[in-house]
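Visitor: Whole structure, please, built from the sequences with the hints as guidance.
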Amino acid sequence: MRLVISLGGNALLRKGQAITAENQRENAALAAMWLAPVLREHEVVIAHGSGPQLAMLALQSFSYRVAEPTRLDLLCAQAGGETGYLLARELRNVLGAGRHVVAQVAQVLVNPDDEAFGKPTKPIGPFYERTYAHQLRQLRSWQFADFDGEYRRIVPVPRLLETIDIGAAELMLGSGRAVVMCGPVPVAAGSGGELLGTEALPDKDEFASLLAQELDADGLLFLTDVLSVATDFGKPEQRQIRQATPASLRTLAFDPSSMGPKVKAACDFVEASHKWAAIGSISNVEHVLSGETGTRVVTTMAGGAVDFWPR
1011 MRLVISLGGN ALLRKGQAIT AENQRENAAL AAMWLAPVLR EHEVVIAHGS
1061 GPQLAMLALQ SFSYRVAEPT RLDLLCAQAG GETGYLLARE LRNVLGAGRH
1111 VVAQVAQVLV NPDDEAFGKP TKPIGPFYER TYAHQLRQLR SWQFADFDGE
1161 YRRIVPVPRL LETIDIGAAE LMLGSGRAVV MCGPVPVAAG SGGELLGTEA
1211 LPDKDEFASL LAQELDADGL LFLTDVLSVA TDFGKPEQRQ IRQATPASLR
1261 TLAFDPSSMG PKVKAACDFV EASHKWAAIG SISNVEHVLS GETGTRVVTT
1311 MAGGAVDFWP R
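Numbering-wise, the sequence shown is residues 1011 to 1321 according to this note's numbering.
It cannot be assumed that every hint is accurate.
To be verified - Taking lysine-lysine pairs in the DSS-like style, the calculated list, with each CA pair at most 27 Å apart, reads:
1. 1132 with 1274
2. 1274 with 1245
3. 1025 with 1245
4. 1025 with 1132
What the hints assert, rightly or not - Label pairs and their in silico Cβ distance ranges:
5. 1241 with 1141: 44 to 54 Å
6. 1171 with 1257: 21 to 31 Å
7. 1300 with 1141: 56 to 66 Å
8. 1204 with 1108: 35 to 45 Å
9. 1257 with 1226: 17 to 27 Å
No lab work stands behind these hints: they were computed from the structure. Keep in mind it's a predicted model, so treat the numbers as computed, not measured. No residue lacks a Cβ here, since even glycine has one placed at the ideal position from N, Cα and C.
Guide: Written as structure tokens, this is what we have:
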């Protein structure tokens, strides 16, 4: 099969871990070990989150008052390049020199007139006191949100239109290479058709769904640190979803900062492609792929719109 696999930020950094080179290497090596059997059997493109790396880079850049802060598109490229390099390297170490793994910087096109640019929502960087935040708003045209008396920059998350150079990924897949798509990096088209870096943060789950559609993938996997999608997560009545349709999932509420975007992206892919998506634990990737664990999103179901795993 041709698969797009999206790794959550925990692929290179677990909750509570320091962002050190060794911690990232160890987690990349674990991810590679779990993914290797799938890469040996299928055509695979890997997308990934770089939230912790991006947060650290933004904190460093925005906190240094003397220098010009790094643009968001460059921060996305830096964080994505770091993550993609480690994943590609560790996958090659597991698969051996006979199986090539290529890391490709993924530039993704956004519309500069997207309404998201007028309504930024994603917080990033350090917290500032009110006076300095106001100075930055005047100096750099940044927008801020109030977090209990402290101010933090908020940036737009525009809708993604297409992946630039998707044909390169197609060629590499066709030649037997696995591909790690680094980023994504937001760009917009200039008046002459040139690409311009954009101050925005693409949603990684939406990007994975877009990739799967563009590559005509047979399936889309979201791998994270939970066994499956659950209703009433963290409560005594929590139930693990085994299989569901997009329509049924869209009626349920999920955490907008974690599982919600994954569920939405999975539903978007299934509705657009009439194929399947799955969400589950990275350590169980082979079982998630086979449907033995995790949550499978499908176009139609017999006997109901939601099927739960036994308690």
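Visitor: It remains to establish, for every hint, whether it holds in the given structure.
Guide: Hint check results:
1. Proximity of residue 1132 to residue 1274 is assessed by CA-CA distance (about 17 Å); at most 27 Å being required, the pair is judged to hold.
2. For the hint pairing residue 1274 with residue 1245, the CA-to-CA distance comes to about 22 Å; that is within 27 Å, so the pair holds.
3. Simply put, residue 1025 and residue 1245 have alpha-carbon atoms about 20 Å apart, close enough for the 27 Å limit, and the pair holds.
4. In summary, the hint linking residue 1025 to residue 1132 is supported, as the alpha carbons are separated by about 20 Å, within the 27 Å threshold.
5. At roughly 45 Å, the beta-carbon separation of residue 1241 and residue 1141 lies within the given 44 to 54 Å, and the hint holds.
6. As the Cβ distance of residue 1171 to residue 1257 is approximately 25 Å, the hint placing it in 21 to 31 Å holds.
7. For residue 1300 paired with residue 1141, a C-beta distance near 57 Å keeps the hint of 56 to 66 Å intact.
8. A hinted range of 35 to 45 Å holds for the C-beta pair residue 1204 and residue 1108, which are about 39 Å apart.
9. For residue 1257 and residue 1226, the Cβ-Cβ distance of about 23 Å falls inside the hinted range of 17 to 27 Å, so the restraint holds.
Checked against the numbered hints given earlier, this structure breaks none of them.
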